[in-house]
Amino acid sequence: RPESPYGITKMVAEHYLRYWQEAHGLTYTALRYGNVYGPRQDPNGEAGVIAIFAKRFLKHETIRIDWDGEQQKDYVYVGDVARANLIAMEQGHGDNDIFCIATGKGTSVNEIYDLLAAQIGYKPEIVRAPRRPGDIHLAYFDCSKAARILGWKPEVNIE
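Everything in the sequence shown is counted per the working numbering, starting at 4 for the first residue and increasing by one.
Each hint should be verified, as a subset may be incorrect.
[What the hints assert, rightly or not] The list that follows gives simulated cross-link-like pairs (lysine-lysine, DSS-like), each with its CA atoms no further than 30 Å apart:
#  : residue 1 : residue 2
1  : Lys108    : Lys13
2  : Lys13     : Lys58
3  : Lys13     : Lys126
4  : Lys13     : Lys148
5  : Lys156    : Lys58
6  : Lys108    : Lys148
7  : Lys58     : Lys108
8  : Lys148    : Lys58
9  : Lys13     : Lys62
10 : Lys108    : Lys126
Since the hints were derived computationally from the structure, they do not count as laboratory data.
In this text the structure is predicted, and so the values were computed from the model without any measurement.
I would like the entire structure built from these sequences, with the hints used as guidance.
Written out as structure tokens, the structure reads:
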């Protein structure tokens, strides 16, 4: 059950898929992504904490952490997401299935800060901010169905 406006829009899209399948016989395979990160991610937007933090670390700017920083998301590497899409297309599954594409584990914003600090060798100042509307504390996926049916598992971990 989605708990954020973004999650609600994704649920609605899946309802449309089911409608078109029932009304017109459309077959589909849908992939639910975790929080995708990797090359070419825009560090100037509101989403994409890894790219935003990396840019700010490299510029020695302060890091804003919303809420308590312990909110966990399931971060999945863009290359793993691309591979999942290729596998789903090549298999031509089309059995009106939905697969979760992520790592199955949560990583907190504070952990991301610590991972980047360890890699870059610098700890910028942290500025705390209130919880953002719609933000949820825990969000990670069960990806066992993708492993079982598609043979897909993530290859890159966040470390």
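Okay, the hints, checked on the actual structure:
1. Restraint check for Lys108 and Lys13: satisfied, since their Cα atoms lie roughly 20 Å apart, inside the 30 Å limit.
2. A C-alpha spacing of about 29 Å is found between Lys13 and Lys58, which places the hinted pair at or below 30 Å, so the restraint holds.
3. A C-alpha spacing of about 36 Å is found between Lys13 and Lys126, which places the hinted pair above 30 Å, so the restraint is violated.
4. A hinted pair counts as satisfied when its Cα atoms are at most 30 Å apart, and Lys13 with Lys148 qualifies at roughly 19 Å.
5. Simply put, Lys156 and Lys58 have alpha-carbon atoms about 29 Å apart, close enough for the 30 Å limit, and the pair holds.
6. The straight-line distance between the Cα atoms of Lys108 and Lys148 is roughly 15 Å, inside the 30 Å bound, and the hint therefore holds.
7. For the given pair, Lys58 sits about 25 Å from Lys108 by alpha-carbon distance, which is consistent with the 30 Å threshold.
8. For the proposed pair Lys148 and Lys58, the alpha carbon gap of about 35 Å is over 30 Å, so the pair is violated.
9. This hinted pair does not check out: Lys13 and Lys62 have alpha carbons roughly 35 Å apart, beyond 30 Å.
10. In summary, the hint linking Lys108 to Lys126 is supported, as the alpha carbons are separated by about 25 Å, within the 30 Å threshold.
Checked against the numbered hints given earlier, the structure breaks hints 3, 8 and 9 and satisfies all the rest.
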